[in-house]
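Visitor: Below are the chains, spelled out letter by letter.
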Amino acid sequence: MSATTLPGLRPRTASAPVVRRRRLGPGKPIRFGAAIGPVLLLVIWSVGSATGWIDQRVLSAPWTVVTTAGDLIADGRLQSNLWTSAQRALIGLALGIVLGVLLALISGLSRIGEAVLDGPIQIKRAIPSLALLPLLILWLGIGESMKIVTILLGVFVPIYIHTHNGLRTIDSRYVELAQTVGLSQWEFIRRVVLPGALPGFLLGLRFAVTGAWLSLVVVEQINSTSGIGYMMELARTYGQTDIIIVGLVVYGILGLLSDAVVRLIQRRALSWRRTLAS
Amino acid sequence: MAPNAGLLSATVQVRNLVRRYDERAVLDGLDLDIAPGEFVALLGKSGSGKSTLLRALAGLDHDVEGSGELAVPAQVSVVFQDSRLLPWARVLDNVVLGIPQAVERGRESLEEVGLAGREKAWPNELSGGEQQRVALARSLVREPELLLADEPFGALDALTRLKMHVLLRKLCAAHQPAVLLVTHDVDEAIVLADRVIVLDAGRIVAEETITLPAPRSAADPGFAAVRSRLLDALGVSV
Numbered sequence: 001m002s003a004t005t006l007p008g009l010r011p012r013t014a015s016a017p018v019v020r021r022r023r024l025g026p027g028k029p030i031r032f033g034a035a036i037g038p039v040l041l042l043v044i045w046s047v048g049s050a051t052g053w054i055d056q057r058v059l060s061a062p063w064t065v066v067t068t069a070g071d072l073i074a075d076g077r078l079q080s081n082l083w084t085s086a087q088r089a090l091i092g093l094a095l096g097i098v099l100g101v102l103l104a105l106i107s108g109l110s111r112i113g114e115a116v117l118d119g120p121i122q123i124k125r126a127i128p129s130l131a132l133l134p135l136l137i138l139w140l141g142i143g144e145s146m147k148i149v150t151i152l153l154g155v156f157v158p159i160y161i162h163t164h165n166g167l168r169t170i171d172s173r174y175v176e177l178a179q180t181v182g183l184s185q186w187e188f189i190r191r192v193v194l195p196g197a198l199p200g201f202l203l204g205l206r207f208a209v210t211g212a213w214l215s216l217v218v219v220e221q222i223n224s225t226s227g228i229g230y231m232m233e234l235a236r237t238y239g240q241t242d243i244i245i246v247g248l249v250v251y252g253i254l255g256l257l258s259d260a261v262v263r264l265i266q267r268r269a270l271s272w273r274r275t276l277a278s
Numbered sequence: 001m002a003p004n005a006g007l008l009s010a011t012v013q014v015r016n017l018v019r020r021y022d023e024r025a026v027l028d029g030l031d032l033d034i035a036p037g038e039f040v041a042l043l044g045k046s047g048s049g050k051s052t053l054l055r056a057l058a059g060l061d062h063d064v065e066g067s068g069e070l071a072v073p074a075q076v077s078v079v080f081q082d083s084r085l086l087p088w089a090r091v092l093d094n095v096v097l098g099i100p101q102a103v104e105r106g107r108e109s110l111e112e113v114g115l116a117g118r119e120k121a122w123p124n125e126l127s128g129g130e131q132q133r134v135a136l137a138r139s140l141v142r143e144p145e146l147l148l149a150d151e152p153f154g155a156l157d158a159l160t161r162l163k164m165h166v167l168l169r170k171l172c173a174a175h176q177p178a179v180l181l182v183t184h185d186v187d188e189a190i191v192l193a194d195r196v197i198v199l200d201a202g203r204i205v206a207e208e209t210i211t212l213p214a215p216r217s218a219a220d221p222g223f224a225a226v227r228s229r230l231l232d233a234l235g236v237s238v
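Chains V and R are the protein sequences, given in the same order.
Quick note: the first sequence, position 180, residue 180 per the UniProt record's numbering, numbers continuous.
Quick note: the second sequence, position 107, residue 107 per the UniProt record's numbering, numbers continuous.
It should be emphasised that the hints constitute simulated quantities derived from the structure, not laboratory data.
A quick note: this is a predicted structure, and the numbers were derived from the prediction, not measured.
Incorrect hints may have been included.
Below, a list of computed lysine to any residue pairs in the SDA-like style, where the Cα atoms sit at most 20 angstroms apart [to be verified]:
hint	chain 1	residue 1	chain 2	residue 2
1	R	45	R	35
2	R	120	R	90
3	R	120	V	146
4	R	120	V	267
5	R	163	R	118
6	R	120	V	270
7	R	170	R	217
8	R	120	R	101
9	R	120	V	52
10	R	170	R	201
11	R	120	V	272
12	R	163	R	174
13	R	170	R	213
14	R	163	R	80
15	R	45	R	213
16	R	163	R	200
17	R	120	R	165
18	R	163	R	145
19	R	120	V	273
20	R	45	R	170
21	R	120	V	195
Now the in silico label distances, taken between C-beta atoms and shown as ranges [said to hold, decoys possible]:
hint	chain 1	residue 1	chain 2	residue 2	range
22	R	169	V	173	53 to 61 angstroms
23	V	173	R	65	40 to 48 angstroms
24	V	172	R	121	23 to 31 angstroms
25	V	112	R	18	53 to 61 angstroms
26	V	257	R	163	24 to 32 angstroms
27	V	128	R	143	55 to 63 angstroms
Derived list of chain R stretches under chain V, where covered just means 3 residues or more per stretch with a C-beta under 8 angstroms from a C-beta of chain V [said to hold, decoys possible]:
hint	region
28	52-63
29	68-74
30	83-89
We put the beta carbon where it would ideally sit given N, CA and C, even for glycine.
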């Protein structure tokens, strides 16, 4: 470096090298990083079971769980219980979606509807659905209808809240537009209101699906005679931790799968939005 | 409102129009006629009542207190400052919103504004100028007798705006609607309009019929004279 630096500026010489700043962010992402945690847990579980460090009565070994799952599938118990559970969840979910959307439309499109419906639903939201179980059992018994109603009650609230919010936050500029192009009430609902509320509805759907499985687990462990929850509850009485873990894995897979399905629907239905993000 | 015999020649008839917000008269006894096919530009400072007049003509002022007579044709189209396209509807569906039977005319209309082939695009994929051209297509496919435009080019860059001026003149020549263009751009008003009116405190305070030959250029001495008179009326001394 020449000596013609301006006063006040430090000349860059070998004695004053460029200081590399310490990186403050977390750094580059690791490949397959999301798999590391679960794989590590599996390794600990396997090693613990193999060395006898984990008592088989407390937690069955991973290979025992796999063979148990194989046996349960071979004698058809897993499929039939899974089918029963899936049916309950799907019926409850479907009815909850219909109810939630219907209430959201009534309350979102008319002031009277909002005045009558919104308050009670907000109160219902404050009460966990599962806290209603004692009452529902008294009213509906312990049969299928109680189970489906419990799931329905857990589902319709998030659908209602998010769809209603979606309806209420549709830009008033679009309402003005609909007036100037002379849309009828029905066309306005079909072209502006429903598509405008769709993002909210789909967000509600993601919460609803999670809620449906949650309610399912609880109702299946109360006086059930079928379903994954019943299978697990029965295994508890005999201390079969392997079957309990098979049930947990099935619940996990169902939860992940259904969330993936909703996300896929979201991507498809909201492709007009993706153009913004990309 | 049924037009009476003597008024049939005008597309728009406004008599003694008053609109009030909280006791403040935003339009204060305004009179205005627009002839069929006439292009009127409306200038005024912010708060002079430009948009209020346009909203009154568009029938968008439900909750506003007011009085006066107002006669507008059955077929009125509005172009807003923002293109106001439904983001969840494709371009062609936006153009034929509310008139799904007019898909073929919608395509022609898109071709007219230079967007042939973009029927299936989402509004978010278009530039600001293209979005505003879709909005123009949406207005014209309805064959309006009156086109109301509220600062339609206000959000566009200067070059795009010049192109839009050419396009709008071409479209108006083809479709012959009466036009009321609200703008704050004096040059834009002179370039486009047959008549420029200046609004202040809810009344028309100046009016200029523009007879300059097309294409109108700011370099024209006649242009400069009109501009300085309009700027005077707007209370801007140059």
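Visitor: All hints, please: hold or fail.
Guide: Consistency of the hints with the structure:
1. Only pairs whose Cα atoms come within 20 angstroms are accepted, and residue 45(R) paired with residue 35(R) is rejected, the gap being roughly 25 angstroms.
2. Proximity of residue 120(R) to residue 90(R) is assessed by CA-CA distance (about 5 angstroms); at most 20 angstroms being required, the pair is judged to hold.
3. Pair hint residue 120(R) plus residue 146(V) does not hold up; C-alpha atoms about 48 angstroms apart against a cutoff of 20 angstroms.
4. At most 20 angstroms may separate the alpha-carbon atoms for a hinted pair to count; residue 120(R) and residue 267(V) meet this at roughly 18 angstroms.
5. Between residue 163(R) and residue 118(R), the direct Cα distance comes to roughly 19 angstroms. Compliance with the 20 angstroms bound is thereby established for this hinted pair.
6. Taken as a hint, the residue 120(R) and residue 270(V) pair is honoured in the structure, with Cα atoms around 15 angstroms apart against an allowance of 20 angstroms.
7. Among the hinted pairs, residue 170(R) with residue 217(R) is consistent with the structure: their alpha-carbon atoms are about 17 angstroms apart, no more than 20 angstroms.
8. Taking the CA atoms of residue 120(R) and residue 101(R), the gap is near 17 angstroms; set against the 20 angstroms cutoff, the hint holds.
9. Under the criterion of a C-alpha separation no larger than 20 angstroms, the hint pairing residue 120(R) with residue 52(V) is inconsistent with the structure, at around 64 angstroms.
10. A hinted pair counts as satisfied when its Cα atoms are at most 20 angstroms apart, and residue 170(R) with residue 201(R) does not qualify at roughly 33 angstroms.
11. A C-alpha spacing of about 11 angstroms is found between residue 120(R) and residue 272(V), which places the hinted pair at or below 20 angstroms, so the restraint holds.
12. Of the pairs offered as hints, the one joining residue 163(R) and residue 174(R) holds, with about 17 angstroms between alpha carbons and a cut-off of 20 angstroms not exceeded.
13. This hinted pair checks out: residue 170(R) and residue 213(R) have alpha carbons roughly 15 angstroms apart, not beyond 20 angstroms.
14. Our distance criterion of 20 angstroms between C-alpha atoms is met by residue 163(R) and residue 80(R), whose separation comes to about 18 angstroms.
15. Of the pairs offered as hints, the one joining residue 45(R) and residue 213(R) is violated, with about 28 angstroms between alpha carbons and a cut-off of 20 angstroms exceeded.
16. The hinted pair formed by residue 163(R) and residue 200(R) fails the criterion: a straight-line CA distance of about 30 angstroms is larger than 20 angstroms.
17. Taking the CA atoms of residue 120(R) and residue 165(R), the gap is about 26 angstroms. The hint is violated against a cut of 20 angstroms.
18. Our distance criterion of 20 angstroms between C-alpha atoms is broken by residue 163(R) and residue 145(R), whose separation comes to about 24 angstroms.
19. Note on residue 120(R) and residue 273(V): the hinted pairing holds, with a Cα-Cα distance of about 15 angstroms set against a maximum of 20 angstroms.
20. Straight-line distance between C-alpha atoms of residue 45(R) and residue 170(R) comes to about 28 angstroms, which puts the hinted pair past the 20 angstroms bound.
21. A C-alpha spacing of about 17 angstroms is found between residue 120(R) and residue 195(V), which places the hinted pair at or below 20 angstroms, so the restraint holds.
22. Between residue 169(R) and residue 173(V), the C-beta spacing of about 27 angstroms breaks the proposed range 53 to 61 angstroms.
23. The supplied range of 40 to 48 angstroms is broken by residue 173(V) and residue 65(R), whose beta-carbon atoms lie about 23 angstroms from each other.
24. The supplied range of 23 to 31 angstroms is met by residue 172(V) and residue 121(R), whose beta-carbon atoms lie about 26 angstroms from each other.
25. Checked against the hint of 53 to 61 angstroms, the C-beta distance between residue 112(V) and residue 18(R) comes to roughly 33 angstroms, which is inconsistent with it.
26. Between residue 257(V) and residue 163(R) the C-beta distance comes to about 52 angstroms, which lies outside the given range of 24 to 32 angstroms.
27. Judged by the Cβ atoms, the range 55 to 63 angstroms given for residue 128(V) and residue 143(R) holds: they are separated by roughly 58 angstroms.
28. Counting residues of the region 52-63 of chain R whose CB lies closer than 8 angstroms to any CB of chain V gives 3, so the stated coverage by that chain holds, three being the minimum.
29. For the region 68-74 of chain R, the assignment as covered by chain V is violated, since 0 residues bring a beta-carbon within under 8 angstroms of that chain's beta-carbons and 3 are needed.
30. Check result for the region 83-89 of chain R against chain V: holds, 5 residues qualifying (beta carbon to beta carbon below 8 angstroms, three or more required).
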